[in-house]
Amino acid sequence: MHRFQFVIKQSGLIGAIGAMAMIPNSAYAQFDGYLDHNGLRDAMRTIASKSTDAELRSLGKSLDGIQIEYLTLSGSIDNADKKPAVLITAGIDGRHLVGTETAIRLARRILEEHNDILDEVTIYVVPRLNPDGANQNLNSMTRGAIGNNRVIDADRDRTIDEDRFDDLNGDGFITTMRRLNPPIDDQPTHLVDPEDPRLSIKPDLDEGQRATFTLYSEGLDNDGDGLLNEDGTNGVNLNQNFMHMWPEHETHAGRYPLSEPESKAIAKFVFDHENIVIAYTLGEHDNLVNLPDTKGKDISGRAPKGINEKDADLYKRIGKMYKDISSQDSAEKESVAGSFHAWLYAQRGIPSFASSVWSLPKLEADSAENDDGASEETTLDSVNVPKLTPSGIGDISQETVDELIAAYEAEYGEPIDTSMMDMVTPEMIIGFAAQAGIEVQRVPEEPEPEAEKTPKSKKAGQKKELSEDAKWLAYFEQENFQGFVPWEQINHPTFGLVEVGGFIPLAKTNPPSSKLDEIAAEQTDFVVQLIEARPMVTTVGPEIKRLADGIFEITIAIVNDGKMPTSTVFSQSSRTIRPSIVSISSDVDHIIEGRRVSRVWGINADGGRSEHHWIIRSTDIDQEFITINDPRFGNHTLRLGDQQ
Amino acid sequence: MKNTLRSITIMGALAVSSLFAPMTLAQQQVPSKVDISWNRYYDSDETTEIVHKLVKAYPDLLSVESLGKSEQGRDLWVITLNNKKTGKDTDKPAMYIDGNVHGNEIQATETVLYSIWYLTKSYGEVDQLTELIDRVAFYFVPSQNPDGRAEWFANPNSPHSARTGQRPTDNDYDGQLDEDGPDDLDGDGHITQMWKIDPNGRYRRNEIDPRIIERAPQGVDGNLTRLGSEGIDNDGDGQVNEDGPGGYDMNRNWASDWQPNYIQYGAGEYPFDSLETNVVAQFILKHPNIAAGQSYHNTGGMMLRGPGASYLDKLYSRSDRNVYDQLGKAGEDLLPYYDYMVIHADLYTVHGGFVNWLAEGLGIVSFTNELWTDSRIMPDPSREFTQEERMHWQDRMLFGQTFTDFTEYEHPQHGQVLIGGGTKYSSRVTPPFMLEEGCHRNFAFTMFHAQNMPDLQFKWAGVKQLEDQLWEITVEIENTKIIPTRLGISATKKIGFPDMLTIEGVTPVLAGTVSNRYDRTLNPVDERPERMLIESGIRGKSMSTFRYLVTGKSGTRVKLGYSAEKASDIHAEFHLKPGEIDFAD
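Those protein sequences? They're chains A and B, same order as listed.
The opening residue of the first sequence carries number -13 in this note's numbering; numbering runs sequentially from there.
The opening residue of the second sequence carries number 466 in this note's numbering; numbering runs sequentially from there.
Keep in mind that the hints are not guaranteed to be accurate.
In silico lysine to aspartate or glutamate, EDC-like type, Cα no more than 16 Å apart, as pairs [to be verified]:
| no. | chain 1 | residue 1 | chain 2 | residue 2 |
| --- | --- | --- | --- | --- |
| 1 | B | K959 | A | D141 |
| 2 | B | K959 | A | E579 |
| 3 | B | K958 | A | D18 |
| 4 | A | K254 | B | D738 |
| 5 | B | K958 | A | E236 |
| 6 | A | K254 | B | E530 |
| 7 | A | K250 | B | E590 |
| 8 | B | K959 | A | D143 |
| 9 | A | K250 | B | D738 |
Partial list, derived from the structure: chain B residues whose beta carbon lies under 8 Å from chain A [claimed, not checked]:
| no. | residue |
| --- | --- |
| 10 | W723 |
| 11 | L750 |
| 12 | P753 |
| 13 | K959 |
| 14 | L987 |
| 15 | D991 |
| 16 | L998 |
Hints were generated in silico from the structure; no laboratory data involved.
Each residue gets a CB set at the ideal place from its N, CA and C atoms; glycine is no exception.
If we strip away everything but chain B, and leave its shape as in the complex, we get:
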């Protein structure tokens, strides 16, 4: 992106805001050209419709493309948000945001769509976001798993089912595919739990609230035995629900630390063997300008960073951890009741996870957010609640909508059973009335992340004449944001291209780094001073100082250029004469 263009736009925005002073009033109620209710959920077809409505309404900012088809032939949409007037998206640092790789984790998609909706309506209206949109680009994939999403909405499911993609898979190694999935035996539209009525059972119904099934206290007889999810033995092998739709985990299918199924359940036969993960991977590989990554999941109220396995801890250098910590801590403020955590240490071990590939494979600062925690519905979300209290508050707040009462059922394999429990909307899905707040707070977190993608500027240059045609030029380049142009891992693992500083107009004899403008000791590069490669890039919130020894005639025009994959290129020009140049002037 051209630096000059950007400053013009910013100036323009400032001018507008000073002309129309009562802007703050309007900001609270900026309307969108597309009316969307954020207190309800949308299935795969409806989300596709929303995407296209938004793109149609904001053609100057949005474009949509299908990355390819899912297993069942649905499009995987990627929406690019970019102000073309300030440059091509690929010339700007970009943030990639997606969700719903697990089909059942539905509110992830609404959170992505909300982000597009809020950004587009804010452009030209909200200064901070206008400035952001003019500087960076966004890539949104509302659902990485449209088939899982469609399955979850269309058919009886539990809060946990339809996590997988929908490629038929032989999970029980009997040569048949998806032949014994769960069944909605009581016809309530949900897959709930089955309990066998059993005089020797260890469980019983709670005496105060019979919807709760609990372990019988010591010395008290139980009468129920846990059977698992609602279903029958469809394939007659004596097992129930052992081979349902799909049966793999697309969030274990990414190339970094990918491990086979015997180490990591659901990994697939090789990284990107799912159509869905493959098309997303190819898109990301073609966009080395992606500097920030966000993936939405549910549930638990977490902002997670890598690594997914303890043995990869050392990949995260102190300086990289510091970057994550600054973003994560800010997130904890923006998202009360969310914790900033490390995947393997605070959740569980994950091999071949998506954000691990972004962070450890591609050097992109990335988080997974686990949306929603059901303690949010409690009067005091900070303390633990009993089962009874939870049930009580669900009654009060949700009027019992997320529970199917237990009913008796004559099961072909198990005889008399009880069927009932939490519906698919229980436990993992944000109650609709709280959805918008959840979307917004997570959106705010990702905007903080996006605002902190590297932003470079030439700050200062000092020119000294050493001989008639021999000059010393010292240049300061500043990164005003938290995220460095290259993470520590990118430098140590040689990911992507090193940054490059070029000089034109004069003949450099020597070039290198100095620790600051007063430092007299040059640390020169061995060769090709006209194009210095800078492997470790420019750190966050810091300045790097470079020095040249050049030959040239007084008054010559000197052109400097700094190019980084994850920041916009910057340029500076000045005439060769003794003195200092403050580029901000």
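The shape of chain A in the complex, shown without the other chains:
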């Protein structure tokens, strides 16, 4: 058996090297229509040059030295920073390319179709905060990189990037590997989905299923430490690099909050732009399809994980607005720890919304079909299954293996050492079978008979629900979109026989480019409605009442007629935002009632008001005035003389 082992390793190695040498490094054909770095730069320049209401500027440079550019959209560019503003940030997550595409289209649409709102409101659009991350996915083999290009010794062995990802089947993607014959210490975790052999599922023990293989990401153990791909260029995940619940010591959280030039640049932009009243972040995070956590607290017990429950109404309102407009009906729940949008809420007092823009769309077949039986056709391949038992060695049947063992024992007169069976590959079986003159019978990879006997549905005749992954496969077929790489057998130098294939990174987060325009149309409608719901602040008064000679009572109110508060309710108690400052010109000594300077930490929506009341002594009331200094809505002076 030693000799067999040797042969396996040799042929495996040669097989893998052979496969790699033949690799045509195929590009990302189905993401044609997505903008690479130059494409994005040109698109932004075109927008800025075509409209006087758009200006191109830079937030700074990425780690790799690429300018992180943004557009300012305003009816009056010179005063843009003095108007209430919406910050739209996309491309934080390197693999969320659809966010960038949406942001750039949205900017174009606003300028072309909704130019009027720019008279009142400024929009900052940062389409790609993480250009280095996008480049990793667009320019070469993609593994679905999320972070920037920070060099990290992820396996902490003092050697950098010595075990990167390897594209074994040469398709330009890092997908997954099924290790078909895992050794004893690598307990199988998955089996082929009996419903669809393309999918790998975890065994349902109640159904009598047993795992047959282990799943890995596609690659080699380049540094021979027993782990695959554990030290590639992994980068810092910018959405773990902000201050709110920063996940210290996580491999990709950065060495300290804002350790990365990209996160620092956008944070600095936020600090420098106190006129931002709404933030909308397009990326892998969502708080619109799913209401953010209103109960959880951070480790200190004093900061909300998601949002304070007093802000739940706001998030419900905007969430409903989103769902009414967008066709997106599901979203992944991501950890908010260290994320950009959660920081804006928790520490900057900004109503901060986030969406992943696109999720698994409803299948056309799904919406069309009504009768129970119809779905069977799309879920199950009704192949006539021969009565063969799988052996666990590729698709070789147990019957064939048994026959071979019997032949071996007949030949040598001793029992076979079955402990080595997991080293045996289908190729070897085929070889032995040829020598022994035995016909190889294969088990079709389609549904395992056992699993089929007991369908999961409890009620007879109930329609069988497709698994999430099965729906994705159906969607890719419907759109004729390459989202899945068919499994291909490869001899892996250390794993023996593997199958390489599975879902393409990014395919589940980024739609076919043909869909981008309609997504952007929806998103533009949402942003326009969001802007219409913005806080709108006006002053009422002053009302002046003469109580006696030289004694006056003065009242003003600051009113918010918008559908959103001027800052979150949480920020009003936590004081995470700079207040509006209301002051009266009188000397402190002449104020009988009221404060010379008072601070407004926020005004609620739907007519919420902040009232201010003074009784002052004055010899010349016409000369007195009230000033309102508001970092979000500008500075106003109310002269009492104007009122009489």
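Based on the hints, put chain B in the right spot on chain A.
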């Protein structure tokens, strides 16, 4: 560092001491090339001058570099103390020592400077310190907040003011920066206290010693009301002293457990948003060889360890606590009247503190010492004293120098007030005549800490021939000091690099750990036996045993190397033949 070099130096030192026998006599009075009085305080410019004098006088041991500029453009100096002849500083375990992140906590800086002064003058003269200097490196930052220090010395201040950095800040949210700070109304050069003369007041002056203001006893009318620090309403908003210089806390600005201002006052907008904390942080991040940390503050007589918040208690494993306890207990002996304490449990909750970042973020064994406690001036520092007694002893010992008598003042907002009280040198600052002792005792504590940074050696190896070319090699590596090469927190949070044991010359088949040399059960690593990664490092005062199964020809030269971030690398060589090797021989 090369082990051999070190032993040569030690041998050299031993030889010298035996040649010149009456060494002990000289040790008591080792002169420095730089005369510095340790019974007075130095402002920011003067401390800079001292730093440069020391560096000039001891160029073989010291080098100085500016980490960067403070808010007001002062340099933040870092002084590296390293004997280059025994290796680069970055190849040795190092201790980082700083002070004065709070500008008013001034004696912290003198304590740091004293440490440099004492170490440099002792090299080649005092055996213990010579040996230490040859083995480890030191990084000293005398002041993390030179602006606060300069402000405290130059201008009227209280014992508590100028704690902050000097970046103008809008503390009262009125859109103006630093526009209403305290004012020295009585012109004594200090910010003292104001009391309103008020027939309905609840306080009165003590009948025996009118310098004491006390709550009027039940049934007795008072005539004073507390107003707070000396000052007027500079910005006319009706509030006094609500927005003075700066107004944040740089010791809440560090990355571990950093919390925003609404949870932690003074935290800043994000970790390292102060120029000063940022340059110090970048320096420390570039020096993973720092194995020990010390930060000096005042006041209260404490040696504090983390965590700063109760919910982080679990970060300190039993073995880590044991390390701290051994050092802290030793400190209590060296520093009578100082207590070894846990920040959140015995002082107060701190989020984003400096030593918390060192300990919990970077796996560095670190303490904050709160210098000075004013019970030290009393005849029996162990008991509580009354106000009257305190005043009495301050009169006797300090001749009333730390008190400004109350005088009446016509205040623009409050009318008739009394101004007076303890000067900025009262309560928190060590009286100059006791400064040197305080410096020295704290220095002694940090030297004990530094001496206990990990020190590794290959101790023993046993070689057995199993087959013609198959061998079993068992190796013992000892850490003779209290501090482990990796704290428990470093292993659990995966901080820094695991230690690494390498073997060359033979082909290892298997490698792993055994509990001792007699243990027959090997716990092998899965892959790459030629470079074992050891996540939990080598504990303090203990030995780790490793075993190899190797193939090689008899007589082959075997090279072993052990590398740890917080200890000097060690190497050993031997020829492959059955038997035992005692590396100490």
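Tested hints:
1. K959(B) x D141(A): Holds, at about 10 Å.
2. K959(B) x E579(A): Violated - the C-alpha atoms of E579(A) and K959(B) are around 60 Å apart, more than 16 Å.
3. K958(B) x D18(A): 42 Å, violated
4. K254(A) x D738(B): 11 Å, holds
5. K958(B) x E236(A): Answer holds: K958(B) to E236(A) is near 8 Å, not above 16 Å.
6. K254(A) x E530(B): Judged against 16 Å, a Cα distance of about 29 Å means the pair is violated.
7. K250(A) x E590(B): The hint is violated at about 50 Å.
8. K959(B) x D143(A): 12 Å, holds
9. K250(A) x D738(B): 11 Å, holds
10. W723: 7 Å, holds
11. L750: 6 Å, holds
12. P753: Violated - the Cβ of P753(B) stays beyond 8 Å from chain A, reaching only about 11 Å at its closest.
13. K959: 6 Å, holds
14. L987: At 16 Å from the nearest chain A Cβ, L987(B) fails the 8 Å test, so the hint is violated.
15. D991: 5 Å, holds
16. L998: OK, holds: L998(B) within 8 Å of chain A, min 6 Å.
When the structure is compared with the earlier hints, violations turn up for hints 2, 3, 6, 7, 12 and 14 and for no others.
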